[in-house]
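Same order as they appear, the protein sequences are chains A and B. full-length UniProt numbering puts the first sequence at residues 1 to 417. full-length UniProt numbering puts the second sequence at residues 1 to 78.
Hint data in this document are derived by calculation from the structure and do not stem from the laboratory. The model shown is predicted, which means the values in this text are computed figures rather than measured ones. Treat the hints loosely; a few may be bogus.
[Stated by the list, open to error] When the alpha-carbon atoms are kept at most 25 Å apart in a straight line, the in silico SDA-like pairs for lysine to any residue are as follows:
no., chain 1, residue 1, chain 2, residue 2
1, B, Lys9, A, Phe115
2, B, Lys49, A, Phe115
3, A, Lys360, A, Gly252
4, A, Lys70, B, Met1
5, A, Lys360, A, Lys387
6, A, Lys61, B, Ala10
7, B, Lys78, B, Glu19
8, B, Lys9, A, Glu67
9, A, Lys66, B, Lys7
10, A, Lys360, A, Ile314
11, B, Lys49, A, Phe122
12, A, Lys55, A, Ser216
13, A, Lys249, A, Glu390
14, A, Lys249, A, Arg65
15, B, Lys15, A, Asn95
16, A, Lys70, B, Lys78
17, A, Lys151, B, Val41
18, B, Lys9, B, Val23
19, B, Lys78, B, Met1
20, B, Lys7, B, Glu61
21, A, Lys66, B, Lys78
22, A, Lys70, B, Ser21
23, A, Lys70, B, Ala64
24, A, Lys70, B, Glu19
25, A, Lys254, A, Tyr96
26, A, Lys360, A, Asn20
27, A, Lys394, A, Asp373
28, B, Lys78, A, Asp88
29, B, Lys15, A, Ile136
30, B, Lys7, A, Phe134
31, B, Lys49, A, Asn132
32, A, Lys70, A, Gly153
33, A, Lys70, B, Ser54
34, B, Lys15, A, Ala206
35, A, Lys66, B, Asp36
36, A, Lys66, B, Gly34
37, B, Lys15, A, Tyr57
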Amino acid sequence: MELKRVVVTGLGALTPLGNNVAEYWNGLANGVSGAAPITRFDASKFKTQFACEVKGYDPEKYFDRKEARKMDLFSQFAMVVAEEAVQDANLVEGNYDPDRVGVIWGSGIGGLRTFQEECVNFANGDGTPRFNPFFIPKMIADISAGHISIKYGFRGPNFVTVSACASATNAIIDSFNYIRLGMADVVVTGGSEAAVTEAGIGGFNALKALSERNDSPETASRPFDKDRDGFVLGEGAGALILEEYEHAKARGAKIYAEVIGGGMSADAYHITAPHPEGMGALNVMKNVLRDANIKPEEVDYINVHGTSTPLGDISEVKAIQTVFGDHAYKLNISSTKSMTGHLLGAAGAIEAIAAIMAIKNSVVPPTINHFTDDESFDAGLNFTFNKAQEREVKVALSNTFGFGGHNTSVLFRQFID
Amino acid sequence: MSEIAEKVKAIIIDKLGVEESEVTPEASFTNDLGADSLDTVELIMEFEKEFNVSIPDDQAENIATVGQAISYLEEHAK
Numbered sequence: 001m002e003l004k005r006v007v008v009t010g011l012g013a014l015t016p017l018g019n020n021v022a023e024y025w026n027g028l029a030n031g032v033s034g035a036a037p038i039t040r041f042d043a044s045k046f047k048t049q050f051a052c053e054v055k056g057y058d059p060e061k062y063f064d065r066k067e068a069r070k071m072d073l074f075s076q077f078a079m080v081v082a083e084e085a086v087q088d089a090n091l092v093e094g095n096y097d098p099d100r101v102g103v104i105w106g107s108g109i110g111g112l113r114t115f116q117e118e119c120v121n122f123a124n125g126d127g128t129p130r131f132n133p134f135f136i137p138k139m140i141a142d143i144s145a146g147h148i149s150i151k152y153g154f155r156g157p158n159f160v161t162v163s164a165c166a167s168a169t170n171a172i173i174d175s176f177n178y179i180r181l182g183m184a185d186v187v188v189t190g191g192s193e194a195a196v197t198e199a200g201i202g203g204f205n206a207l208k209a210l211s212e213r214n215d216s217p218e219t220a221s222r223p224f225d226k227d228r229d230g231f232v233l234g235e236g237a238g239a240l241i242l243e244e245y246e247h248a249k250a251r252g253a254k255i256y257a258e259v260i261g262g263g264m265s266a267d268a269y270h271i272t273a274p275h276p277e278g279m280g281a282l283n284v285m286k287n288v289l290r291d292a293n294i295k296p297e298e299v300d301y302i303n304v305h306g307t308s309t310p311l312g313d314i315s316e317v318k319a320i321q322t323v324f325g326d327h328a329y330k331l332n333i334s335s336t337k338s339m340t341g342h343l344l345g346a347a348g349a350i351e352a353i354a355a356i357m358a359i360k361n362s363v364v365p366p367t368i369n370h371f372t373d374d375e376s377f378d379a380g381l382n383f384t385f386n387k388a389q390e391r392e393v394k395v396a397l398s399n400t401f402g403f404g405g406h407n408t409s410v411l412f413r414q415f416i417d
Numbered sequence: 001m002s003e004i005a006e007k008v009k010a011i012i013i014d015k016l017g018v019e020e021s022e023v024t025p026e027a028s029f030t031n032d033l034g035a036d037s038l039d040t041v042e043l044i045m046e047f048e049k050e051f052n053v054s055i056p057d058d059q060a061e062n063i064a065t066v067g068q069a070i071s072y073l074e075e076h077a078k
C-alpha cells in the first residue's frame, strides 16, 4: 500500500514567550527568556521559586465563565491553541469531512491543579466525600482531545498520548501515521501542560530535576553550559494541523512544511535517568532517518530535547555524534528550552513549531544563556549559542525524551510539490 | 425574599453562569438554565455545603427547579 504524504497546514501556540505563533516565534528568534518568579502560587518555601509561565492569560477572553470553570488550565490551553491552528489552516465547515478529522493530543500529566485542589479539599474535611462531579472529567489527560472534538464536531480518531515529556511528539507521530495510512484526512495534534502548581514544582524539586537558580531565573535554563543545574518548568500548549497532501491541495490550503518521518524507542534503563551512552536517543534518531528514508547528511537543524540537566544533555549529544558522524559539525543544534523552559507533555508541540518556523523563516532559534563551555561537549559542534543564526533549513529534526525512557523524534522538510 | 432564597439564587447564577433575571422560581435547571446532569449534581453539592445539610439522592431527584430548591432548603437548612 502506498503511504500518503502529510503536510502541516496550521499552527497555534500559547507559550511563556508569547500567546500566539507570531509572538512565540518573535521571542524565539530574539533569544528572549520566558522565566520569571512564580505567580500561580506562593512558592516562598520551595527550593525553586521561578518557572516559565504563560503571561497575561485571561480565560474570559476565550471562554464564558461556566465553560472555563469546567476545564483545567491544561484543557483551556489546548482549546486556545486548537482554535488558532484551525483558523490558521482555514478549516471551515464544508471543506472537510468531519468524520475524517481526528484530534490526537499529548499531555504528560493532565489536570494537576484540579487533582491537587480536590485532594486538599477532601483532606481538610471530616472524611465525608464531597468530590466535585467535574473532578474526574477536568483532571483526566484525555479530556483535552474530547473538548476539542466537541467544540468543532471533529468525529475522527480521538485520544491523548501520555509519555511524559515525549507526549506531544508521540501525538504528532500517531497523527502522521493515521493520515499516511489513509485513516484520516486531517488531525488536530499537539499538546498542552499546566503543571506549575505546588505539587508540580514540589514533585520535580524532590527529584532534583529543577534548576534552583532563584537569584537569576532568566539565566537558569542553560542547556550545554558548564553550570547548568536542572530544567525550568514551563507551561502552555502548541497545536499543529496535519493534513493529507491531496486534501490540503484540493482546498487550496497553505503548507508550512511536510512531515517526513517519525521515530520511537525506549531506553529500557531507568525511570528518570537517561541511558549514559544515549542508547535510546541514538536509536530514535536512526529510526526517524530510516522512516523518512533520508541520509543523516540531509538534516540541517536539530531542535534537541536539551533540558539543561547535567546528564541528559551529555547523552543526547553523544547520540547525535554517533548517528551523524562528521555531519554533526555541519548541523545547527539548539535547545529552545533555554527560552521556553520545559513544557513537559507540550514540549514536543512547541518545539515542532520552532523547527517548522525555522524552515519557513530560514532562521535557527538559539540556545540562550551560554556563559561557560563544558568540556563534555565537542567544541566543534554548533549549538547556536546565544543568538539566532540565518540558515536555509531544508530538513529539521525535533527530539523529545520522557521519564520512563520514552524517546521520540520527528522530521520536517521544506515543502516541495 | 428570604436569606436562603437569596443564597440559592446566587449559587445558581455562579455555577450555571446565568443572568439573575432567568432565575425565576419556575425555572428548571436542565430545561431553562442549561444545566446538564453533572451541573445538577454540583448544584446539590453546593447547596449541601452552603447550608450544612445532607440531601439524600432520592430527595435530590425531586429538586429540579429554583423554587423546589428554595423550599427544600428553607425546610431543612440548619
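Checking against the hints above, which ones are violated?
Numbers 1, 4, 7, 10, 13, 14, 15, 16, 21, 27, 28, 34 - these are the hints that the structure violates, sorted from lowest upward.
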